[in-house]
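Model the full structure from these sequences, guided by the hints.
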Amino acid sequence: MSKFHVSTTVNGDTVEYLCDPRETLLDCLRDKLNLTGAKEGCGTGDCGACSVTVDGRLVCSCLMLGVEADGKQIETVEGIAEGDVLHPLQKKFIEHAALQCGICTPGILVAAKSLLEKNPNPTEEETRYWLAGNLCRCTGYDKIIRAVMETAEELREAS
Amino acid sequence: MDYHSPASFAEASALAANATGITRFLAGGTDVLVQLRSELVTPDTLIDIKKIDGVRDINCNANGSWTLGVAATGAEMSEHPDLGRDWPGVVEAMDLIGSTQVQGRATLTGNLCNGSPAADSVPAMVAAGVTVTVTGPDGDREVAVEDIPIGPGKTSLVQGELISAVHIPARGDNGGDAYLRFIPRTEMDIAVVGVGVNLRLDGDTVTEARVSLGAVAPTVLLVEDCAKSIIGSTLDDAALDTLAAAASAACNPIDDKRGTIAFRTEVAGVLAKRAAKIAYARAKGEQA
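Line by line, the protein sequences are chains F and E.
Numbering (my numbering) for the first sequence: 1 to 159.
Numbering (my numbering) for the second sequence: 1 to 288.
Simulated from the structure, these hints should not be mistaken for lab results.
There may be inaccurate statements among the hints.
[Unchecked claim] Pairs of lysine-lysine, DSS-like flavour, derived with a Cα cap of 25 angstroms: (1) F:Lys91 <-> F:Lys143; (2) F:Lys118 <-> F:Lys91; (3) E:Lys51 <-> F:Lys72; (4) F:Lys72 <-> F:Lys91; (5) F:Lys72 <-> E:Lys50; (6) E:Lys228 <-> E:Lys277; (7) F:Lys3 <-> E:Lys50; (8) F:Lys143 <-> F:Lys72; (9) F:Lys118 <-> F:Lys143; (10) F:Lys72 <-> F:Lys32; (11) F:Lys3 <-> E:Lys51; (12) E:Lys154 <-> E:Lys50.
[Claimed, not checked] Stretches of chain E that chain F covers, calculated by requiring three or more beta carbons in the stretch to come under 8 angstroms of a beta carbon on chain F: (13) 29-36; (14) 88-102.
[As the list claims (entries may be wrong)] Some chain F residues judged to face chain E by a derived CB distance under 7 angstroms, without partners named: (15) Pro21; (16) Arg22; (17) Gly41; (18) Gly43; (19) Gly45; (20) Ser51; (21) Gly56; (22) Arg57; (23) Cys60; (24) Leu63; (25) Leu135.
From a predicted model like this one, the values you see are computed outputs, not experimental measurements.
Even glycine gets a Cβ: it sits at the ideal position worked out from N, Cα and C.
Here you go:
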């Protein structure tokens with residue numbers, strides 16, 4: 001079976017890989033580019049642990065093929081911090097202990113960042129609906145929602 | 001699995017016509033990839049139609065009708081400044097499907113061609129009178145949405161055919177549409193019953209109506225008896241009761257873990273009334 005040559009941009013860097021057409025973007029990120037932040041929880045688009053943005057649009061990387069990424073702009077959790085400086089969302093998640101096992105956290109950070117870019121002033125209800133596709137079996141969500149709401153407030157005050 | 005990304009629908013159709021084994025078209029992939037990953041369906045040929053020009057477009061035509069590309073996503077429909085003003089029922093039905101992440105990829109055409117009787121966007125499209133262009137080896141034909149599904153997971157498309165555009169009629173004056181579904185949760189679930197209603201008024205009287213039911217039969221249904229029960233009425237209580245009875249009478253559902261036959265039959269009537277009231281209010285220009 002012939003492999004496809006894919007040239008794409010991940011967190012601002014141009015990258016290339018060869019992939020089988022059956023491999024998902026998640027497989028390619030983790031196994032070819034060693035970007036293991038995005039996690040495979042369900043592999044069927046239900047849990048959101050593999051969330052990334054593609055051309056600014058939040059998607060499950062398990063529900064997209066690696067070949068489809070050709071020419072796209074991909075952002076993953078690895079691109080959220082700037083060097084050693086954590087993003088305000090990351091700081092707030094630590095402050096609130098908004099994670100326990102941490103498997104869902106990369107997807108939730110990517111999804112929450114995407115929300116705040118589109119809507120800097122979301123209501124709690126909007127935040128909960130936006131994150132409804134990101135499952136967390138540890139926290140009960142309360143700390144996650146508080147962390148996102150407080151980050152939103154902080155970013156609004158800073159801007 | 002062979003992967004193709006043709007530059008035109010004619011090329012996509014030719015690829016499919018000449019393919020052997022299982023062929024799938026890839027737009028948003030929210031069903032195709034789930035089936036692939038769970039090894040339910042492993043296509044021999046996968047044809048990605050997203051490299052075709054215009055497949056992401058959402059255009060309002062000069063006569064007020066709408067043409068949507070087959071890869072326009074739910075998120076793009078919801079964010080469109082005008083589409084939801086004309087057809088709130090269609091846009092809301094699409095928006096009910098899955099999570100934010102799924103909305104970033106899922107399409108009306110994918111929802112239709114997946115062939116699920118519980119597809120949320122399909123009753124809304126049927127009620128709205130949406131048609132699709134089907135491109136095949138012999139050229140293009142226009143098909144009503146209700147004529148695409150023929151059973152769970154099955155469509156009337158034959159080998160070499162694919163949907164190449166979605167056409168939503170002009171909204172016109174004094175019209176409104178709505179879609180409601182029942183799920184046991186608040187979000188992220190599959191319809192136990194879905195009802196789409198689209199109607200037009202002359203003053204307070206309903207002059208045109210289309211009512212569609214989802215998840216209560218092997219395919220989404222267009223129910224003429226429901227439409228007849230409210231045409232000519234002012235959507236008074238008697239008309240609403242007749243509508244509910246007609247909706248329940250049209251049901252031919254299954255018992256499963258998400259709902260019993262009796263429950264689905266009852267709820268179809270209840271939702272038909274509620275959706276009709278919302279469509280009526282919208283037709284009168286009220287917020288609903």
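Consistency of the hints with the structure:
1. F:Lys91 <-> F:Lys143: Holds - the C-alpha atoms of Lys143 of chain F and Lys91 of chain F are around 13 angstroms apart, at most 25 angstroms.
2. F:Lys118 <-> F:Lys91: With Cα atoms ~20 angstroms apart, Lys118 of chain F and Lys91 of chain F stay inside 25 angstroms; holds.
3. E:Lys51 <-> F:Lys72: Between Lys51 of chain E and Lys72 of chain F the Cα gap is close to 12 angstroms, so the pair holds against 25 angstroms.
4. F:Lys72 <-> F:Lys91: Outside the cut-off at roughly 29 angstroms; violated.
5. F:Lys72 <-> E:Lys50: Holds. Lys72 of chain F to Lys50 of chain E sits at ~13 angstroms (cutoff 25 angstroms).
6. E:Lys228 <-> E:Lys277: 16 angstroms, holds
7. F:Lys3 <-> E:Lys50: 20 angstroms, holds
8. F:Lys143 <-> F:Lys72: 33 angstroms, violated
9. F:Lys118 <-> F:Lys143: 22 angstroms, holds
10. F:Lys72 <-> F:Lys32: With a Cα-Cα distance of about 17 angstroms, the restraint between Lys72 of chain F and Lys32 of chain F holds, given a limit of 25 angstroms.
11. F:Lys3 <-> E:Lys51: Between Lys3 of chain F and Lys51 of chain E the Cα gap is close to 19 angstroms, so the pair holds against 25 angstroms.
12. E:Lys154 <-> E:Lys50: Given pair Lys154 of chain E, Lys50 of chain E holds - Cα atoms ~23 angstroms apart, limit 25 angstroms.
13. 29-36: holds (count 5)
14. 88-102: With 5 residues in contact (Cβ-Cβ under 8 angstroms with chain F), the coverage given for the stretch 88-102 of chain E holds.
15. Pro21: 3 angstroms, holds
16. Arg22: At 5 angstroms from the nearest chain E Cβ, Arg22 of chain F passes the 7 angstroms test, so the hint holds.
17. Gly41: Violated: closest Cβ of chain E sits about 12 angstroms from Gly41 of chain F, beyond 7 angstroms.
18. Gly43: For Gly43 of chain F, the interface hint holds, since the closest Cβ of chain E sits about 5 angstroms away, which is under 7 angstroms.
19. Gly45: Holds, because the Cβ-Cβ distance from Gly45 of chain F to chain E comes to roughly 6 angstroms (cut-off 7 angstroms).
20. Ser51: 6 angstroms, holds
21. Gly56: Violated: closest Cβ of chain E sits about 10 angstroms from Gly56 of chain F, beyond 7 angstroms.
22. Arg57: Holds: closest Cβ of chain E sits about 4 angstroms from Arg57 of chain F, inside 7 angstroms.
23. Cys60: 4 angstroms, holds
24. Leu63: 5 angstroms, holds
25. Leu135: 9 angstroms, violated
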